[in-house]
Each structure stands twice: as structure tokens, then as C-alpha cells.
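J.: Sequences listed follow chains C, D and E, in order.
Residue numbering for the first sequence follows UniProt numbering, starting at 1 and increasing by one per position.
Residue numbering for the second sequence follows UniProt numbering, starting at 1 and increasing by one per position.
Residue numbering for the third sequence follows UniProt numbering, starting at 1 and increasing by one per position.
Hints in this document: simulated from the structure, not taken from any laboratory.
Treat the hints loosely; a few may be bogus.
[Unchecked claim] Subject to a maximum C-alpha distance of 16 Å in a straight line, what follows is the list of computed EDC-like cross-link-like pairs (lysine to aspartate or glutamate):
no., chain 1, residue 1, chain 2, residue 2
1, D, Lys87, C, Glu222
2, D, Lys87, C, Glu224
3, E, Lys454, E, Glu284
4, D, Lys73, D, Asp60
5, D, Lys73, D, Asp63
6, D, Lys202, D, Asp187
7, C, Lys45, E, Asp149
8, E, Lys458, E, Asp472
9, E, Lys458, E, Asp490
10, E, Lys227, E, Asp240
11, D, Lys109, C, Asp168
12, E, Lys371, E, Asp402
13, E, Lys179, E, Glu470
14, D, Lys112, C, Asp307
15, E, Lys481, E, Asp320
16, E, Lys322, E, Glu284
17, C, Lys123, D, Asp60
18, C, Lys123, C, Glu222
19, C, Lys223, D, Asp63
20, E, Lys100, E, Glu438
21, E, Lys117, E, Glu466
22, C, Lys232, C, Asp205
23, E, Lys243, C, Asp205
24, E, Lys454, E, Asp491
25, E, Lys366, E, Glu466
26, E, Lys393, E, Asp320
27, E, Lys179, E, Asp161
28, D, Lys112, C, Glu224
29, C, Lys123, D, Glu92
30, C, Lys45, E, Asp161
31, E, Lys341, E, Asp490
32, E, Lys100, E, Asp473
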Amino acid sequence: MKYYVLRITGGLLTIFVSSLLVFSLIRLIPGDPAAELMGLAFDPKLAHLLRIRLGLEGSFVQQYIAWITAVFHGDFGYSFINGAPVGQEIGDRLIRTVQLLVGGVIVGLLISIPAGIVSARNKGKWQDGGIMAFTTLMLSVPQFVLGIFLIYIFAVRMHVLPAGGWIDPHDNFVEWLKSMVLPWLCVGMAMSAFTSRVLRASILDAKNMDYTRTARSWGLSEKEIAKKHVYKNASAPTLTVVGLEIGYLLGGAFVIENVFAYPGIGQLTVKAISQRDYPMVQTSILIFATGFILVNLIVDLAYGFIDPRIRQR
Amino acid sequence: MNSLSLVSVRNLSVDFWRVAGPPALSSVSLEVSPGEAVGLVGESGSGKSTLGFAIAGLLDPNDAQLSGEILFKSQNLLTTNQDDYRKIRGSEIGYIFQDASSSLNPLLKIGKQLTHPLMANGGMSKNDAMVRAKELLDMVEISQSERRLNQYPHEISGGMKQRVVIAAALSRDPSLLIADEPTTALDVTVQAQIIDLLLRLKKSLSMSLIFISHDLGVVARVADRVVVMKDGNIVESGGVEQVLANPKESYTQLLLANIPKLRHVDQSHSLSFWGTNER
Amino acid sequence: MAKKEDEKVNIGPWGNSLSRRNVLIGAGGVATLAGVGLLASCSSSTKTADAGAEAKVGGTLDGIMTQQIPSSLDPFTNAQGAALNAAGPCHDWLEWVDTKGDLYPSLAASATQDDAKTITYVLNSGVKFQNGEAVNAQAVADLFAWVMDKKNAAWLNSRFDGVKTEVVDELTLKVHLPKPDVAFRYAVTRLPIAAVSTMAAQALTPSGCGPYKFDRWVQGSYVSYTKDPGYRNAADITLDGIKMEHFADANAGTQAFLAGGKNWVYPSSLSQAKDLKARADKGEIKYLPAEPGVCYLLNNCKTGPTADPNVRKAIRLAFDRKAMVDGPFNGVSRPFFSMLKPESSYYVPELEYERNIDEAKALMAKSKTPKGFKEKIYTPNVDYFIGLSTVMKANLAEIGIDITVEIEETAAVINRMFVKKDFNMVVLGDALSPEVSELHEYYLRSTGGRNCGKYVNKAVDKLLDEGLREIDDAKRIAIYKQIQMITMLDDTAFIPLVGEVLPAAYKGSNFDEFAGGFIQYIIWPKAKLTA
Ligand SMILES: Nc1ncnc2c1ncn2[C@@H]1O[C@H](COP(=O)(O)OP(=O)(O)O)[C@@H](O)[C@H]1O
Ligand SMILES: [Mg+2]
Numbered sequence: 001m002k003y004y005v006l007r008i009t010g011g012l013l014t015i016f017v018s019s020l021l022v023f024s025l026i027r028l029i030p031g032d033p034a035a036e037l038m039g040l041a042f043d044p045k046l047a048h049l050l051r052i053r054l055g056l057e058g059s060f061v062q063q064y065i066a067w068i069t070a071v072f073h074g075d076f077g078y079s080f081i082n083g084a085p086v087g088q089e090i091g092d093r094l095i096r097t098v099q100l101l102v103g104g105v106i107v108g109l110l111i112s113i114p115a116g117i118v119s120a121r122n123k124g125k126w127q128d129g130g131i132m133a134f135t136t137l138m139l140s141v142p143q144f145v146l147g148i149f150l151i152y153i154f155a156v157r158m159h160v161l162p163a164g165g166w167i168d169p170h171d172n173f174v175e176w177l178k179s180m181v182l183p184w185l186c187v188g189m190a191m192s193a194f195t196s197r198v199l200r201a202s203i204l205d206a207k208n209m210d211y212t213r214t215a216r217s218w219g220l221s222e223k224e225i226a227k228k229h230v231y232k233n234a235s236a237p238t239l240t241v242v243g244l245e246i247g248y249l250l251g252g253a254f255v256i257e258n259v260f261a262y263p264g265i266g267q268l269t270v271k272a273i274s275q276r277d278y279p280m281v282q283t284s285i286l287i288f289a290t291g292f293i294l295v296n297l298i299v300d301l302a303y304g305f306i307d308p309r310i311r312q313r
Numbered sequence: 001m002n003s004l005s006l007v008s009v010r011n012l013s014v015d016f017w018r019v020a021g022p023p024a025l026s027s028v029s030l031e032v033s034p035g036e037a038v039g040l041v042g043e044s045g046s047g048k049s050t051l052g053f054a055i056a057g058l059l060d061p062n063d064a065q066l067s068g069e070i071l072f073k074s075q076n077l078l079t080t081n082q083d084d085y086r087k088i089r090g091s092e093i094g095y096i097f098q099d100a101s102s103s104l105n106p107l108l109k110i111g112k113q114l115t116h117p118l119m120a121n122g123g124m125s126k127n128d129a130m131v132r133a134k135e136l137l138d139m140v141e142i143s144q145s146e147r148r149l150n151q152y153p154h155e156i157s158g159g160m161k162q163r164v165v166i167a168a169a170l171s172r173d174p175s176l177l178i179a180d181e182p183t184t185a186l187d188v189t190v191q192a193q194i195i196d197l198l199l200r201l202k203k204s205l206s207m208s209l210i211f212i213s214h215d216l217g218v219v220a221r222v223a224d225r226v227v228v229m230k231d232g233n234i235v236e237s238g239g240v241e242q243v244l245a246n247p248k249e250s251y252t253q254l255l256l257a258n259i260p261k262l263r264h265v266d267q268s269h270s271l272s273f274w275g276t277n278e279r
Numbered sequence: 001m002a003k004k005e006d007e008k009v010n011i012g013p014w015g016n017s018l019s020r021r022n023v024l025i026g027a028g029g030v031a032t033l034a035g036v037g038l039l040a041s042c043s044s045s046t047k048t049a050d051a052g053a054e055a056k057v058g059g060t061l062d063g064i065m066t067q068q069i070p071s072s073l074d075p076f077t078n079a080q081g082a083a084l085n086a087a088g089p090c091h092d093w094l095e096w097v098d099t100k101g102d103l104y105p106s107l108a109a110s111a112t113q114d115d116a117k118t119i120t121y122v123l124n125s126g127v128k129f130q131n132g133e134a135v136n137a138q139a140v141a142d143l144f145a146w147v148m149d150k151k152n153a154a155w156l157n158s159r160f161d162g163v164k165t166e167v168v169d170e171l172t173l174k175v176h177l178p179k180p181d182v183a184f185r186y187a188v189t190r191l192p193i194a195a196v197s198t199m200a201a202q203a204l205t206p207s208g209c210g211p212y213k214f215d216r217w218v219q220g221s222y223v224s225y226t227k228d229p230g231y232r233n234a235a236d237i238t239l240d241g242i243k244m245e246h247f248a249d250a251n252a253g254t255q256a257f258l259a260g261g262k263n264w265v266y267p268s269s270l271s272q273a274k275d276l277k278a279r280a281d282k283g284e285i286k287y288l289p290a291e292p293g294v295c296y297l298l299n300n301c302k303t304g305p306t307a308d309p310n311v312r313k314a315i316r317l318a319f320d321r322k323a324m325v326d327g328p329f330n331g332v333s334r335p336f337f338s339m340l341k342p343e344s345s346y347y348v349p350e351l352e353y354e355r356n357i358d359e360a361k362a363l364m365a366k367s368k369t370p371k372g373f374k375e376k377i378y379t380p381n382v383d384y385f386i387g388l389s390t391v392m393k394a395n396l397a398e399i400g401i402d403i404t405v406e407i408e409e410t411a412a413v414i415n416r417m418f419v420k421k422d423f424n425m426v427v428l429g430d431a432l433s434p435e436v437s438e439l440h441e442y443y444l445r446s447t448g449g450r451n452c453g454k455y456v457n458k459a460v461d462k463l464l465d466e467g468l469r470e471i472d473d474a475k476r477i478a479i480y481k482q483i484q485m486i487t488m489l490d491d492t493a494f495i496p497l498v499g500e501v502l503p504a505a506y507k508g509s510n511f512d513e514f515a516g517g518f519i520q521y522i523i524w525p526k527a528k529l530t531a
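Isolated chain C, as found in the complex (with noise of 0.2 Å):
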């Protein structure tokens, strides 16, 4: 109980700690929200007018008191280049991201279970070379590059799935999940990789364990100690794996939403990087240092259900 107490609280801390830096950082760097505005079409006496308008002449300090108390209030402010609601517009796009992450998740996971028992069960044999071969190169082809592929083969020669752009799935459903499959694919491939390798290892390292060897001397099949002991014990490690791979997802979103052309919070937050856009790059780093703190501590929660060492610290 304690244990998870303090994780809460920790995680509290880095996300505000994360809103001071992401504030402070967006402010340090060059650019200027009024110059990116206006582009080459500057214009000085404009640009200090736009300032004003946009909150940005008082005090670093007084900025920050002022987006931290409306935050609390509910209010992240309205975005620099269109005006509308920051809360709103990240609210639709972290659902998608959502939906992009956990169906690539699952994606994911039915890829790298089976692959890793399978290469765990054939170790050294033809299955594993194939799928540790197969895992090698999806761990060294970044993701763009997969996703250009997967749209070559899908989309672009084969015709089957679109080749990206978003499909609002209260206009069409069946036609938004043809739509996600080569993203949930792209993300799942690529999680797949590195999970499925420490599926392999954990699988195997349970198999050489003390307590496997307990169980074997009690004369129980190789299936059911596979059943009770390996892949429960090495489910944790995995686990720990699952979870640090989604945070990299979670700051790797862009790059597959920029492929597929899908309007997440990583598009967004890059785009508003790029842009100046004060206010809703702040807000999108709190979600995002948010999300990563909530899976961790999933992860946490979710370990302590497997490995009751931990649950009782």
C-alpha cells in the first residue's frame, strides 16, 4: 500500500515538474509565436500588438501562475494560431491517440505472445531463427519505414486497406477499422519485436529456474509446468517490457501518425512545437507526462497482481 502511495505521489510531482519545464523550455527556445504567425510576411508593430494579445508581456513567473491556476480550473487556455479551446482539440486527439496505441498494443501482444513462446518452445531451431531473424529487422527498421511499407504492400500494390487519412467511426465504422489496421499493424510490429524477445529470454530463464526444476522433479509435464510456472514467471519481466515500450510509443506517436496521416496528439504536438503554439504544447506535454506516469503505474499495479512480493511492500 505504501509502495503504491508513494508511486502516486512521485507521479504527481514529475508531472507538475514537467508542466514547469515544458513551460519554461517552450519559452527558451528561439522562435517567436507572433513571428511564426506572420511568416515573411512580419511586421514589427504587429507582432508586439499580437504579443499583447496572446499573454505573452508579462513576467515569465506571472504566465506561469496565470496557465497554472486556469489549468486547475479547467481551462488550458486557447490555442496562438486558431483560437479554439486548447482542451477541447487535445481532448478529441488524445482519444484517437488512444485508440491508435491500444489497438497496436493488442496488435502487439498477439503478435509477440505467440512469437515468443513459439521461439522459446524451438529454441535454436528453424522457428526461432526465423522469428528472432524477424524480430532483428523490425528492431532496426525505423517505424516510418515500416509504415511506408506496410502502405507499398497493403495499399499502394495490393488495394486492400487504405493507405491513411482518418475515418470518423460515427460516419462509418466498418470503414474506420479498415482505416486502422495498417497503423494498429505498424505499431503492433514494431512493439512486437522487442517484447517478443524478452517473452523468449524470460521464457527460457524461467525454464532454467530452481523452482522449474522443483516441479519437474515432481514429475509434472513439461506442458503443465509451461502452463503453472514459466509463463506466469515470465510474464512479469515481459510486462515491465510492455509498459516501457508504451511509453515509447506514447513519444513515438507522432512519427506513425505522421505516416499515416492520423490527427493524434502526437501530430498535434509536434505541429504546435513547430508553430509556437504556447498553450497547447504545454497542455499536450501534461497529458503526455501523464499518460507515461498512468501506465507506469498500470504497469506497476498490474505487476503487483502477478508477483505478490510486490503487491505486499
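With chain C fixed as given, assemble chains D and E with the ligands onto it according to the hints.
T.: Here is chains D and E with the ligands on its own, set in the frame of chain C:
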């Protein structure tokens, strides 16, 4: 070559594929009669565990090459198929490992670990298995046995864990118990209790016992016969009195000489020689 | 295999998707690349829709816009092309300009340049904004006033400084300029005509008086429009709607275009230009490179070694523009020697010169830095700008100038130029204008809005004044020739490098003028879909 032997190991050689150099066991022969307690002694790395594992069929054929014969109740285990061997192992041979703390799966409740083989191999229902598991815990003198079934290994002491391992090993009434340094990893006081327990159980269950140890003091208490091993060979064997009182081999003499004042110490409190735990 | 192909044609593009997908999912994790490749090679590469097929009336024109994802649909306060492109279909202009620089009447039935300081617009009658208000002289005058009001931060604000409007009657508007400016009508072609009452909402829900009505915008994904039956020439519109999908990644966008179902991709990536050309040769698609801008090196004329005109001249002579075209632009661009396209009637062929290292070295020897110098070229973090800077670095090394390519985010480069004014050399691009005065005014007038390198030449200022005053074409051409000879060959504050080419491709017909990059060409009533 006694046909009454329970176990009869003949010219057993074990060679680990991945290890260069001499085999772990070279042409070892050993007889264990029903009800007999054989002590296996020798320095660390001499091949005691390898012999124990070989008999119980716990050596992975991917790791080690075995040749010779292991007759169990006149059946050559080395030519028995894996599945039958596994069944013999489950019902006839119990094994107790050196390190109790790692012998049990940390993620499973004790009850689950005890009942699993009873259900999978013994054909018991879950309820029967639970009842039997409780009996087993009582038999190895674990207090509050009912509660223990619902506990995880990390919640009980090292000595108690070893009792659980013993209970599990005895769950199917084996005719042979192999105890591989069962007390090495335990506190001195606990060691004595475990040894006492083993002796009592051996008597009441009328099993044969292969007791592996590098602690001659303990072996002297437990074993009827002593087999001394060195570098994968048996260098001396005989009745426990005879070998300990009158060692022929200089190696055995050396082993004995390294137990300070063996005969003057209360045997139940003997310290393992070579200092600390062999892990 | 032949059978499969038949199946595909019969069932349609999505027909056999299920079975293949099942195979894939069923295979689960064990699906190896080999397997995927096999599937791919088994499937036929279906022919994309024929570019020359019969034009169809109706349907939605579905295009892919890449790179610049709009964050706002307000082209009044947001100077980015993305905003104008994404908002374009709902707008109309007083006049519009084609790539050659010719002006065409649109909302204004006629526009007359009374003299260098006066323009008379006569509007079409009976036109309404999409919100129901009338498009009349007063409405246009109100819009002009809105642009001139500094607090609205319209990006065209400085262009409208001191302009006065006179509503002559319901449909006639006279515009009085504070000083002679015959280029003003071109500036007005950048201003969509919208009702002032809608300005606050333009960023999210654009509305004007164009052929299409704004339908929906999913930020980062697409913006869609439906035909406006109330449009003044509604009968001319053959499309039911327009959808622009936004792909940040030009390669992915091009793949999506090639996958079918989309009418255009703009722009595609330079690396795919060759593939697109090859497909165009086979008749699958039409390839259409757009040349919306010019890449240039801007020198600081006040600070650093570039303040010396000899150095700037030596720099321009050292450049290998062919290497710039072949390298970063993959062979699809062309050298530029002025701020105009060679097709412009104001273009001066005498500006073209060969690379001349000897002369460049001689100029360096005469300069204040005869031993050469070290300098940074600030470079936006865009592939082809980085490529250009790399070529320049190699070129300038030959005349003793040691260049560091300093890569920064585009936002940072613009900030450095305009706000901090902290640079000696910067590489960037700007939109080419069919009107000769525009870029010359911005970069070469001593008070020009983009003259960040503080270039000052009184004679040039005077000539620019004359250029804005002159209505006679031949005389105007002569004036701008003089300006260009001075600024491009001698003073060289602004060194044009190569055209900023963006490859594009489309299927369909009747929107060939799309090459201009302006959204008018896509949405113009001439656009039709192919079956
Ligand atoms: N799984 C194994 N793989 C390779 N070598 C092993 C393995 N198990 C034991 N050995 C080697 O076999 C020899 C005998 O070891 P072991 O039977 O454990 O000795 P003891 O139990 O007497 O200490 C040692 O040299 C040891 O290194
Ligand atoms: Mg041992």
C-alpha cells in the same frame, strides 16, 4: 550387483556438452537397497549433484550426454521413454534441493504448488488434494498448516520452505528420496531440526535415502553407508563406521582431517566444513 | 493469378480485403516479411484510374495536401499558405491572377486602373456572402478597413497602409492609394472577400462568397466543402464537394495518392518526382511540378564580411547552381538568377551567368577580407535547404570562405532574421509572384518588409518608386530591368539560387493550371472529376 537393490547405477558417465575437459561423472556405479540410507560425500564439484540428478532424470539431454545404466526396480531408466520416466519420477523418487529459497515458485501459493502434482499425476480432485496437502504440511511439522496453504513462499522462513519442499517430495509416497545438501543453506539450529525430521520420516515411510552432503558430521548421523566422490569418480565406499573411523583413501583422510575435532563436537551441531554455504 | 485479378475487378477495390486480412491476422506473429512479400507479389498491381478517362459531373474532388498541415483556416491573419489553401474553396476574390501574371475579373466584373494611385472596382450584382449578407461596395470597403485596423493583425496590413476607399454606389468602389502603386491590384488578389461580421470565426469555420461551403474540419486530418447552390455562378460548378486530406509526410501522402481513390497530391516529395514522372509517361497519372517559390541566399549588407559588395559578388559567382538542382532538388528544379520566373515578361536574360571561380577569387582579393573568412549560413531544417547550404559550403570553400551550415528550425530562422536580426547569411525561400514589384519591394527597398539584411541603395529606391508609378508596360519593363541589373549583378544582397520546386501529381482533368499552387486553380469551376 544385488538384484534386491532399489537403485543400481552401473558405469554411469555424464558429460556436459558445453564443458570441455573430463566428464562430470566417469563410470560410476552405486547400489541402494530398499530402506537403506546412502551418504554421498565429496568436495564441491566432485559430481554428487550430477549423480543425484542423473538418477532422478533431471539432467536435460540437451545439456548432458549420459551412458551406462540406471536400474530402478530393475528397469533401466536411461532406455525408458521420457514420459514413463517422468511418471516414475513423480511417484517413486522424491528430490530435495540444496537451496530451499529458490526451490519454490515465488508467484504461486504453497497450496497450489503442493496440490498441483497431486492433481496432475495423482488424479486427485482439488478438494482431496487440498486435504492431502494439509496432511503433508502436518507431517513435516509445519504449524498452522491450513494458513500456510494460502501463503506465498516469501512469507515463510527458509527452514519452513525446506519443509514444504520435503512435503512436496514425499507427497506421492516415493520409495527413494534424494536429499541434495538439504540443510546447507539453512541456519545451524534449523539444520539439525531438518535432519531430525528427515530421519524420522525415512523411518516411518520406510524409504531409501540418498543423502548428499559435504558435511561428514551430518552424513555420519544419517547414513548407513558412505560413498566418497572425487572428480567424478567414486574413490571409496563402505559402512559409515568403517569409512569414517578407518579411511583407506588419503582423500577421505583429508576430508576428515578438515573437520575440526569431529568426534568431540555434538554431531547435531556440526558445522559445515569449507566454511560457509556452498551455493 | 489471372483468376485473382478477375475477382478483384469484379468485387472492387475493397472486395477481397477480408480474406487477405484474415490470412495476415491468422498468421499472427509468425507472418514473416517473406510471407508478406509473397502476398504482395501474388496480387496484381491494379491499374490506377485512367488519367484520360471521360470527365464526370458531380462527385467529390478528394485531394491530398502534404507537408503543411493547416492549424487555422483564417487566411486573413495567418500568412501561411496552408491556411489559404485549406480555406480556399469557400472564398472568392475581386480579381484573380494566373501564373503568367494576367489578372482576371471575378467578384469584380471589372477593375480599372484609373491612374497609378486610383483603382475602380465594379462588382457583379446580386452576389451574397454565404452568411446571407450582400457583397457590395460597402462590404468590400468594410473589409479593407478591417485589414487596415492594426489590432486585427491582418498579415496584409502593411500593404494597405494609408489606403482610402470611396463607395461610389452600391456596386462601385474606388480605392485611393497614398502613393503611386500599380502593383496594388496584385496585393488585393491575396485578399479573399469575406464579410467583416464573420472574421472572428474564420479560423475554425471559414466562410466567404466562394463556390463551396465549409463543411467540416478535423484538425490534422481533413477539411471538406460542399457545393454552394447560392454561389453566383452555381451552374458552372460541376463538383458536389471538395475534400482535402492533410498528410504531414509527403512520401506517405504520395503513396496514399498512388493507392487510388484520391485525385491529387500536392506537393509530393522530391525523392518521388522521378517515379511520378515515370508513371505519368505510362499514362497512369499526370505529373505536374509546381514552382511556387525561389530559394535564395540573403546577405547582411550592414555587418560581417558580407557588408563588402565585392564579397557578395564573389559569392554569387562561386555558386554552382547546376549542382544545387541535381543534388538537393533531384534534378527537377532549375537555376534562378532573379526574383522572377523566366516566363515573366519582366525577366532579363542578361542576368544569367556562368560560374566563374577565377573572377570570384579576384573579387575576394580586392575585398576587405582578401584571406577569406569564416561564416555561418543559417539554414531551416528542411531537406532541400540543408542540401543547398551543403553545396554552397563546398562552392565557397573554393574561394577561401569557410562556411558552417547552421541548421535551425524554420521558426527559429525566421525569428533570427526578423526579430533578432542576428545573421550574416541565411538561406530561405519565398513565394514567386507574377507581379514584378512584389518581391523587389519586399527585399530590395531600403524600408522593405523582408529586407532583413539592411540593403540600402538610394538609386534602387528611386527606381522602385518609378516602377510603382508607371502604367505603360514597356517603360515599366525598362525600369525593372535597370533595378535587376543593379541588384542581381552588382549589389547582390539577395542571391537567387534555384526554383523551389514541388512535384505534384493528379488524376482527372481540367485543372491543369493547378501548377500555380493557388487554390483557385483547384477549385475553379473548370475542375472536373474523371470517372
Ligand atoms: N548443467 C551443467 N552444465 C555444465 N556443467 C555442469 C552442470 N552441472 C554440473 N556441472 C559440472 O559438473 C561437475 C560436477 O558438478 P556437481 O555435480 O554439481 O558437483 P557437486 O554437487 O559435487 O558439488 C562440476 O565440474 C560442474 O561444473
Ligand atoms: Mg551439488
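J.: Next step is simple, just say for each hint if it's right about the structure.
T.: Hint check results:
1. Simply put, D/Lys87 and C/Glu222 have alpha-carbon atoms about 12 Å apart, close enough for the 16 Å limit, and the pair holds.
2. Simply put, D/Lys87 and C/Glu224 have alpha-carbon atoms about 13 Å apart, close enough for the 16 Å limit, and the pair holds.
3. Pair hint E/Lys454 plus E/Glu284 does not hold up; C-alpha atoms about 50 Å apart against a cutoff of 16 Å.
4. Of the supplied pair hints, the one linking D/Lys73 and D/Asp60 is violated, its CA atoms being roughly 23 Å apart against a limit of 16 Å.
5. For the suggested pair D/Lys73 and D/Asp63, the alpha carbons sit about 26 Å apart, so the restraint of at most 16 Å is broken.
6. Of the pairs offered as hints, the one joining D/Lys202 and D/Asp187 is violated, with about 22 Å between alpha carbons and a cut-off of 16 Å exceeded.
7. A distance of roughly 12 Å separates the Cα atoms of C/Lys45 and E/Asp149; the hinted pair therefore holds under the 16 Å criterion.
8. Simply put, E/Lys458 and E/Asp472 have alpha-carbon atoms about 23 Å apart, too far for the 16 Å limit, and the pair is violated.
9. Of the pairs offered as hints, the one joining E/Lys458 and E/Asp490 holds, with about 14 Å between alpha carbons and a cut-off of 16 Å not exceeded.
10. Taking the CA atoms of E/Lys227 and E/Asp240, the gap is near 5 Å; set against the 16 Å cutoff, the hint holds.
11. Proposed proximity of D/Lys109 and C/Asp168 is contradicted: the alpha carbons are some 48 Å apart, above 16 Å.
12. Taken as a hint, the E/Lys371 and E/Asp402 pair is honoured in the structure, with Cα atoms around 11 Å apart against an allowance of 16 Å.
13. Proposed proximity of E/Lys179 and E/Glu470 is supported: the alpha carbons are some 12 Å apart, at most 16 Å.
14. Proximity of D/Lys112 to C/Asp307 is assessed by CA-CA distance (about 15 Å); at most 16 Å being required, the pair is judged to hold.
15. For the hint linking E/Lys481 to E/Asp320, the alpha-carbon distance of about 24 Å lies beyond 16 Å, and the restraint is violated.
16. As the CA atoms of E/Lys322 and E/Glu284 are separated by approximately 30 Å, the hinted pair breaks the 16 Å bound.
17. Between the alpha carbons of C/Lys123 and D/Asp60 the distance comes to roughly 14 Å, so the proposed pair stays at or under 16 Å and holds.
18. The suggested pairing of C/Lys123 with C/Glu222 holds, with an alpha-carbon distance near 15 Å, which does not exceed 16 Å.
19. A C-alpha spacing of about 20 Å is found between C/Lys223 and D/Asp63, which places the hinted pair above 16 Å, so the restraint is violated.
20. For the hint pairing E/Lys100 with E/Glu438, the CA-to-CA distance comes to about 14 Å; that is within 16 Å, so the pair holds.
21. For the hint pairing E/Lys117 with E/Glu466, the CA-to-CA distance comes to about 13 Å; that is within 16 Å, so the pair holds.
22. Between the alpha carbons of C/Lys232 and C/Asp205 the distance comes to roughly 12 Å, so the proposed pair stays at or under 16 Å and holds.
23. Between E/Lys243 and C/Asp205 the CA atoms are separated by roughly 55 Å; this puts the pair beyond 16 Å, and the hint is violated.
24. Pair hint E/Lys454 plus E/Asp491 holds up; C-alpha atoms about 12 Å apart against a cutoff of 16 Å.
25. Distance restraint check for E/Lys366 and E/Glu466: the Cα-Cα separation of roughly 34 Å exceeds the 16 Å cut-off, and the hinted pair is therefore not satisfied.
26. For the hint pairing E/Lys393 with E/Asp320, the CA-to-CA distance comes to about 11 Å; that is within 16 Å, so the pair holds.
27. As the CA atoms of E/Lys179 and E/Asp161 are separated by approximately 10 Å, the hinted pair is consistent with the 16 Å bound.
28. With a C-alpha separation of about 13 Å, the suggested pair D/Lys112 and C/Glu224 falls inside the 16 Å cut-off, and the hint holds.
29. For a cut-off of 16 Å, the pair hint linking C/Lys123 to D/Glu92 is broken: about 31 Å separates their Cα positions.
30. For the suggested pair C/Lys45 and E/Asp161, the alpha carbons sit about 13 Å apart, so the restraint of at most 16 Å is met.
31. The suggested pairing of E/Lys341 with E/Asp490 is violated, with an alpha-carbon distance near 20 Å, which exceeds 16 Å.
32. For the proposed pair E/Lys100 and E/Asp473, the alpha carbon gap of about 15 Å is at most 16 Å, so the pair holds.
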